[in-house]
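K.L.:
Given next are the chains, with one letter for each unit.
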Amino acid sequence: MHQLILLFFLTIPPVRADDVLLCPEIRITGDQKISLTEVEKRLVCGDPETQFEGWKKIPLSQAIYNLKNYLQDRGYHRPTIHWKTPEQPETIVEMGPITRVTEIQLVGMDDTIGLKNKRQILDQPLTPNLLENLENWAFGKLQSKGYACPKITSEGDPETGKVQLQIQSGPLQNLVSVFEEPVEGLEPNLLRRYDAFKVGDRFNGDLLTVTQGRVSAAGIVENTRFITRCEAAGVLTKQTTIAGPPRLLSFRVGANTEGLILGRVAWRNTRLGHFGSQMNTFIEASTIRQTFQSTANWYVLPEVTRFYLNPLAEVNHRSEQSFESIEVKGQVGAATSFEHGTAGGNVFLGPTYSYFHTVSGAGAPDLRLLSLESRITLKTHSFEFHASNPSEGVSISFISDLNSRGFYSDVTAQRMNLRWEALWNLFELDPPLWVVGVRGGFGIVLTDVAQRTSLPAPFLQYLGGSADIRGFKRLSLPLNSTGGLTSAFVGTELRLTNLIPYGIDPFIFTDLGGIGSRSGSLDSAVYWSPGLGIRWASPIGAVRTTFAEGFSNGDAVNFQFYFSIGEEF
Amino acid sequence: MKRFLITTSAILFFLAGFVLSCLIWPQILVNEKTLGWAAARLQSQGIHIQWKNVSVKTFSYSLLKKKIEIQAADLCFEIDDPKISGCTPSFALGFSGSLENFSAKLLEIGPISISNLDWNVLLESNKKISGNLILEGISYQTKELQVPNKGNFKVLGKAKLPDQSEVNLDADLEVKQKDLQLKKISYQALVQYTQKKSKLNAELYGKFGWNLFQAHFSVLAQNWLTKIPRAELKNCDLSITRKDGHKEARLQFQCPANLRVPIPPEPFKSLRFPTTVGITVKTDFQMSSFIPSGDTRIEGPLDVILDPILSPIISGEGQARVHLAGILQDFPENWKTDTDLQMKMNISHFEKLVRQLENSAWSIPAPAHVLHGPFALTLEGKTHLNSGRFPIQVKSELSSKDQRVYLDGLGNFNLKVEKKKIQPDLDFELILSQIQLQLPYLNFANPPRLIPDERIRKKEPKVESASLPFRYRIRIHTPGDRPAIILSNLAKAPIPVHVDLTLTDSEPLKGKIKLDSFPMEFFKRDASIQYLTLNLTSPSRDSPLDGLIQVKYVDYTLYVKLMNTLDKPVMKLISDPPLPENQLYSALLFGRPLGDLDPEQSAAVMDTKVAVTDGAIGLISLFALASTPIQSVGYDPSTKVFSAKVRLAEGTSLNVGTSTEHFKSSKVGIRKRLNRFWSVETDVTHSAETGQTASAYLEWSHRY
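Listed in order, the protein sequences are those of chains R and H. Under our numbering, the first sequence has 483 at position 483, and the numbering climbs by one with no breaks. Under our numbering, the second sequence has 426 at position 426, and the numbering climbs by one with no breaks.
Quick caveat, the hints were computed from the structure, so don't treat them as lab data. Do not rely on the hints blindly, as some may be mistaken.
Computed list of lysine-lysine pairs in DSS-like fashion (alpha-carbon distance at most 25 Å, straight line) [what the hints assert, rightly or not]:
1) R:K145 - R:K84
2) H:K458 - R:K56
3) H:K568 - R:K57
4) R:K84 - H:K269
5) H:K568 - R:K145
6) H:K458 - R:K238
7) R:K68 - H:K458
8) H:K458 - R:K151
9) H:K492 - R:K56
10) H:K401 - R:K57
11) H:K568 - R:K151
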């Protein structure tokens, strides 16, 4: 008897929680719930409230036809319809299994676009939107390879999940001309100084995006976009712009990774004269640093070039853990941007007059320096292209200050800092799954002073913080807070990306570094910090948190937590 | 010499005696031995005959008229080519003959009696036909036979064919003295044919003679034809007569038939069509010979009358009269087959049709399902075997409270015979005399999928169509002065639409759809579509588009010129008085001058302009943009992906456009605009001393 009762209960079909009575006459069942939009629901269930008599009620077969279309939009291509009967008062729509993409077949060309490395297509529901995205992705890939105007179509098998991507690549094309919409008050073709591409070279859509980003960052015009058109001779491009008013006044409050609270008042003129010179003045104050700075990019030559003069005046008060200093700085230098192969960069060279006053901590109380300052930055185009979600490319910056006691300086101290960063998209997956980053830095001060405390505090080398060794507080190394004349660090990071929903990327890292109290050599103390963190691609930029243990010569001496917005590896 | 004469006389005397003996005792010539000898001779001809016993009886009517009857028991025969064999327990064959003017004449064959003959025929394809036959009293008298031979004759036969079908024949022939005088023979026959589930029972009786053939018959055919599971011909009359001395004959035939058609598939099943269709076939032919042969010429009318079909919803009737003329062996090429055809179908109450189909898979779709009124289809015309022309008329006067579907259709259905294949051809013009239809509630921001995405479908192997190619050319158009009226929640007033479309078998839908001027809301402004013309081509997405939208502002009038194709419409903004294009985009998208926009809005202006110029915004997306307040616009020219965030209601927003994926940006810092002046911004800076510094700000900024 007990067995019979058990058998009875076992044979009762389980009521599925996802059985939904969509309309009085239509029930939908399936493994997952689907929700229809308001318009879709009206076209399935009718719209009793509408004034249109013809749409108050939807005939059953039409309702089912519409519903099948909406299921197709959601990847359900094999629904089963159990039409209503006198015994069954509802029409039951079994959604059936969702069709997922099992294979992508490329037709029309070989795998130039790297389809085999394309992620987030296989095993995804086969939907019209997926095909749309796949076509768009292939379009962009082909454009980055020089196929300016390809034609792409796709088909999907609703039963097997096989997708066929058909490509008519068209010919490889060069970018033959750029027409720049005139901007009132500026010389024609002035925006060409920001180009990441060269007219006459093979067309690459990514480089147009990089150029747009540079113009936007420079702020010379408010917005710019490229419109491309394919012709037999090649790709013609039109650059359209909204110049916007040239002057910008802004007030800011916020926080940065140096200090907690930050305030800033800035005035900027992005278009001075016909050649697009720029001037930028701001006062900024945080709990650590207070700065007044006025600088300009002065395009002095009577033609459109990348060359400009870069005068600067700055007053800077720093109140670091290791020292407190005031710096007054005046600078006039020559600078130019440049493109070389697949990279672009900027070079600056010029004299700088600085006055340092060390209020407390290591460093000379008062010091004057006339330096020859040079700055070189170099970024590969891929680094710039992926800047919003770093996954590829190399960035290098080098800064040097050369001073001599014999040339209007109180000390002889040559300061050189090299920083570099390289990112690899492991296995070249698209979108990336694993991103490996390696960064490093080397700083050295060559001086003839016997005591490094005779140098201005900013000349001393410190490590620690999210910028180099994350297991320690900002600029807290060396631990004795005396600073050093040599520093070196290297850090690696492995980030898992595009896997966890909501743009959350976990990562692990380890940083290693050392400081030398003498020029050209490191002390025996080795600092390293393993750790882990989470990056969230928030709507206002990357939010990163890290947890790291700081070791000094193998001994754990600190546990550090960092939180930052906008900072990348 | 004498010896020669004596010898010759003796031979002649002997021969004369032999001939005389044969005439007196024909068994001298036809006896068991001579039959055995003949059978042995036939073997060389490939005919093998064996029997156990054979007996020969002779009857003498006069010296020169004899009858011989041969009876054999257990007779078997085998013919080599074609391979026919059989055995019968008893066989009887009689024949009569006479000798006139030294030539033999066969007067009668018969009676022939065969009892229970089991026979086999081996076909070349190694298939075998076997059967059983009983013949009783069959005889055939030649015309010269003066001896009355009256009585009943019976034929019973059965055959099994290779396809397992079986034929049974049971025929009686009655010859009466009276009939013989009138030269008529009455007959009666039952024929039964069985093939698997198919059965045919025919019962016929009648008379035939030298100048007359009459048949009155009924036939019941079951499962004989797939499309007609049961056909019953009841009380059919066939007569072929000729006047004495004339060669020509008259064939008259009348046959009412009830054809049971299968229960039709949907939607006709729901319409409760009668499952039995009644037709009557009538002929009155003149034939050039009494017994039809290949060179017989036939001429006369053939009427096929369809009994009225009265379903609760649809009624129909039809009639065809074919005037046939031709020689039998030339059929159908050189025949005259003039046909008058009339068919009518009426739906007097469309609403009944709607109700009947309501819950079926073929329900009338919205918004037509609320229409009521009459609908009629008429097909009438003339045709013949080589070509035909049937004028078709369609008329509908369907309406509901707010909708009208008044159609007038006129065309020709043509038939041609080319290379023995019938080529149907339809040339039809459908005038949308008065149309007013409602569109469903639609939202441009989130348009529903109206038809399945053709890219996702099971690939069917290409099957050569077995049906005949059907050529058609259908033109659907509105009268020039009376556009169709479309009612939609998207427009402030009815939308007048002129339609002129041509649908053919060889080309995709072509033609023109033109919207006349009507007021609407466009980018939150009172606007009017001045005109919008779509010239449909193949593929439809490449159809040229031409349109003009007028938006009035206080100081100027903005015109949106729509160009290019349906799939990639290009929008050109012009104004009166002329203003810069960016200024017009700003006014259109945000209703403000360019200078009043924040950087994010000006970026939206740029992105929209580029996307529109690239043709990346579909017409639906364009109107979606125009119908809701825009929050932001993004466009990635490298992938031609356009996306816009529009505000649906307070606190809710929706992404529209070709993709909702994030866009690539080469900017490190990100600015999120809160309103025109306030924004949240993140930034990263590098310095020699401290490396990179990341900042997050709440910023007030003002460009001037």
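K.L.:
It remains to establish, for every hint, whether it holds in the given structure.
P.N.:
Against the structure, the hints:
no. : hint            : in the structure
1   : R:K145 - R:K84  : violated (55 Å)
2   : H:K458 - R:K56  : violated (34 Å)
3   : H:K568 - R:K57  : violated (35 Å)
4   : R:K84 - H:K269  : holds (17 Å)
5   : H:K568 - R:K145 : holds (24 Å)
6   : H:K458 - R:K238 : violated (43 Å)
7   : R:K68 - H:K458  : holds (15 Å)
8   : H:K458 - R:K151 : holds (23 Å)
9   : H:K492 - R:K56  : holds (20 Å)
10  : H:K401 - R:K57  : holds (15 Å)
11  : H:K568 - R:K151 : holds (14 Å)
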